[in-house]
Amino acid sequence: MAQKTEAPKKNVEPLRVDPSFKYEVMKEHDGETLKICFQCGSCTSSCPTARFSDSYRPRTILRLAQLGFRQKVLQSPTLWLCTACFTCTDRCPQDVEVASVLRVLRNLAIKKGQIPRIFTELASNIYETGYVYKIPEMRLRKRAELGLPPLPKSSVDKVDRLIELAHGSKLIKSKEEAQ
Amino acid sequence: MSELRYLFFLGCTIPYRVTNYEISARKVFAKLGIQLVEMSDFNCCGLPVDPASHEMMLALAARNLCLAEQQGLNIITLCTGCAVTLRKVNKVLKEDKEIKNRINGYLSEVGMEFKGTIEAKHFIHAFKEDLGFDKIKESIQKPLTGLKVAEHCGCHLLRPTGISGWDDPEDPVVLKGLIELTGAECLDYMDEAECCGYTIIAIDDKVALQLTREKLQHIKMAGAQALITVCPSCHLMFDMQQSRIERMFNEQFELPVLHFPQLLGLAMGFSPDELALKELRVNPSKILEAMKTA
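So the sequence lines, in the order shown, correspond to chains A and B.
Residue 0 is where the first sequence starts when you use numbering that gives the first Met the number 0, and the numbers rise one by one after that.
Residue 0 is where the second sequence starts when you use numbering that gives the first Met the number 0, and the numbers rise one by one after that.
Only chain A is shown next, with the shape it has when bound in the complex (with noise of 0.2 Å):
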């Protein structure tokens, strides 16, 4: 006699899809690519963070984002993780710009909200100096000593416009926060 078996673990929310996510994908710059990608696994397999990782896998993001899990991509802490180095775009057998997409979904995560502490630094201190780090007078100083050109400084005031026309002012720290 065939045994009982478990009702099945109810693991999908229907509520919770949302299908137009992967449009929201597409429509942005190198993001197009996200509805052929067919799960082969190759950029898993491929990525270095994978390995040291327990969470991050690309190819479950994508699927992810495919299916519509808007809330679960764009939420997830692992989504941080890539180092931008490319391999799962070179290496995709089907040319989805893996890296490429897995960048659209993080700056969609910014437009939601979800900003790492480290790019509200980055990305003030370009507009308060021009320059993603804050060079030390000290260090321009050392560059007379050691015969090397002064550094020239940006023209701050253009950077910050084009910052502000690419809507990049809600990474800039307010002047308060800044203090």
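In short, the hints are calculated from the structure, not lab data.
Careful: at least some of the hints might be erroneous.
[To be verified] Looking from chain B toward chain A, a few residues come up when the C-beta cut is under 10 Å (computed):
no.: 1; residue: CYS11
no.: 2; residue: PRO14
no.: 3; residue: TYR15
no.: 4; residue: ASN42
no.: 5; residue: GLU54
no.: 6; residue: ALA61
no.: 7; residue: ARG62
no.: 8; residue: PRO159
no.: 9; residue: PRO171
no.: 10; residue: VAL172
no.: 11; residue: GLY176
no.: 12; residue: ASP187
no.: 13; residue: CYS194
no.: 14; residue: LYS205
[Unchecked claim] Computed list of lysine-lysine pairs in DSS-like fashion (alpha-carbon distance at most 27 Å, straight line):
no.: 15; chain 1: B; residue 1: LYS127; chain 2: A; residue 2: LYS141
no.: 16; chain 1: B; residue 1: LYS26; chain 2: A; residue 2: LYS26
no.: 17; chain 1: B; residue 1: LYS175; chain 2: B; residue 2: LYS127
no.: 18; chain 1: B; residue 1: LYS175; chain 2: B; residue 2: LYS141
no.: 19; chain 1: A; residue 1: LYS157; chain 2: B; residue 2: LYS30
no.: 20; chain 1: A; residue 1: LYS141; chain 2: B; residue 2: LYS26
These figures come from a predicted structure and were not determined experimentally.
Virtual Cβ for every residue (Gly too), placed ideally from N, Cα, C.
Chain A is fixed; fit chain B onto it per the hints.
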């Protein structure tokens, strides 16, 4: 022969932390007859903020490209990240009219326009395509015979292939060939083209440092006396972070990490001081001694 003249895009990491790379590169370029024109005004290439805002990256990179167009010079970089970013954006803006028009809309507000008239290259790429191996061969005065090293190209020198494409990302040969011109032997090791982990060190330093550690293990296993890099960020991982990795994993590497221009400079006859070797965190005196006795 036409003069090799480039606009020098220094980037942010080098003046912030890796000055010895710049010092050695300037010496070596001058010796090879490569003329560097200083950029009087530039900003971050844009790469560090790409994960957060692609649009901001495009705008920042485009401004740098416009500055080069105004001077009518091709860009040369020491940083693989700057090179891949400027190359990518240059390609995108040249090929995608819609994006070009949008970015030019921003640029017009600061009195600029992207036209698509210049190229950007990492110096290894320029050595291969513009300078040629023969010129480098001729410059060698003290061959580093007997020295065994390994190379780390860095992801962005090689990938994505659509942007790089001048070397094989699975089995890179250009930097290796250049190293062998110095007389040193360049050893193969496991997972040579793999990532150093730099880009995620601020997100998860454990994962990042494990990537670096594994590479250091493979390089030591191959029997290399030094590692040669061509990117300030990769260098920070292998050199500056090396002692931290040693403490973290209770392992010893003591592997000197030289910028390629430092290695080439030694073979050209420059002194270690002229190439700012004393600024390296991992003391390179072991290999300098070995070179004296060779």
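Outcome of the hint check:
Here the hint on CYS11 of chain B is kept, as its CB sits about 4 Å from the closest CB of chain A, short of 10 Å. The criterion of a C-beta within 10 Å of any C-beta in chain A is met by PRO14 of chain B, whose closest approach is roughly 5 Å, and the hint holds. Annotation: interface hint on TYR15 of chain B holds; nearest CB of chain A at approximately 4 Å, less than 10 Å. Of the supplied interface hints, the one on ASN42 of chain B holds, with its beta-carbon coming within about 4 Å of a beta-carbon of chain A, less than 10 Å.
Proximity of GLU54 of chain B to chain A holds as hinted, the smallest CB-CB distance being about 4 Å (cut-off 10 Å). With a least beta-carbon distance of about 8 Å to chain A, the hint placing ALA61 of chain B at the interface is held under the 10 Å criterion. A hinted interface residue such as ARG62 of chain B counts as satisfied when its beta carbon comes closer than 10 Å to some beta carbon of chain A; here the least separation is about 6 Å, so the hint holds. With a least beta-carbon distance of about 4 Å to chain A, the hint placing PRO159 of chain B at the interface is held under the 10 Å criterion.
Interface restraint check for PRO171 of chain B: the shortest CB-CB distance to chain A comes to about 12 Å, outside 10 Å, so the restraint is violated. The criterion of a C-beta within 10 Å of any C-beta in chain A is not met by VAL172 of chain B, whose closest approach is roughly 16 Å, and the hint is violated. Interface restraint check for GLY176 of chain B: the shortest CB-CB distance to chain A comes to about 21 Å, outside 10 Å, so the restraint is violated. Interface hint at ASP187 of chain B: violated, since its Cβ lies 18 Å from the closest Cβ of chain A, which is beyond the 10 Å cut-off.
Interface restraint check for CYS194 of chain B: the shortest CB-CB distance to chain A comes to about 4 Å, inside 10 Å, so the restraint holds. Annotation: interface hint on LYS205 of chain B holds; nearest CB of chain A at approximately 8 Å, less than 10 Å. The hinted pair formed by LYS127 of chain B and LYS141 of chain A fails the criterion: a straight-line CA distance of about 33 Å is larger than 27 Å. Annotation: proposed proximity of LYS26 of chain B to LYS26 of chain A is violated, straight-line Cα distance about 47 Å (limit 27 Å).
Proposed proximity of LYS175 of chain B and LYS127 of chain B is supported: the alpha carbons are some 12 Å apart, at most 27 Å. Among the hinted pairs, LYS175 of chain B with LYS141 of chain B is consistent with the structure: their alpha-carbon atoms are about 18 Å apart, no more than 27 Å. A hinted pair counts as satisfied when its Cα atoms are at most 27 Å apart, and LYS157 of chain A with LYS30 of chain B does not qualify at roughly 36 Å. With a C-alpha separation of about 18 Å, the suggested pair LYS141 of chain A and LYS26 of chain B falls inside the 27 Å cut-off, and the hint holds.
The structure fails hints 9, 10, 11, 12, 15, 16, 19 (numbered hints given earlier, in ascending order).
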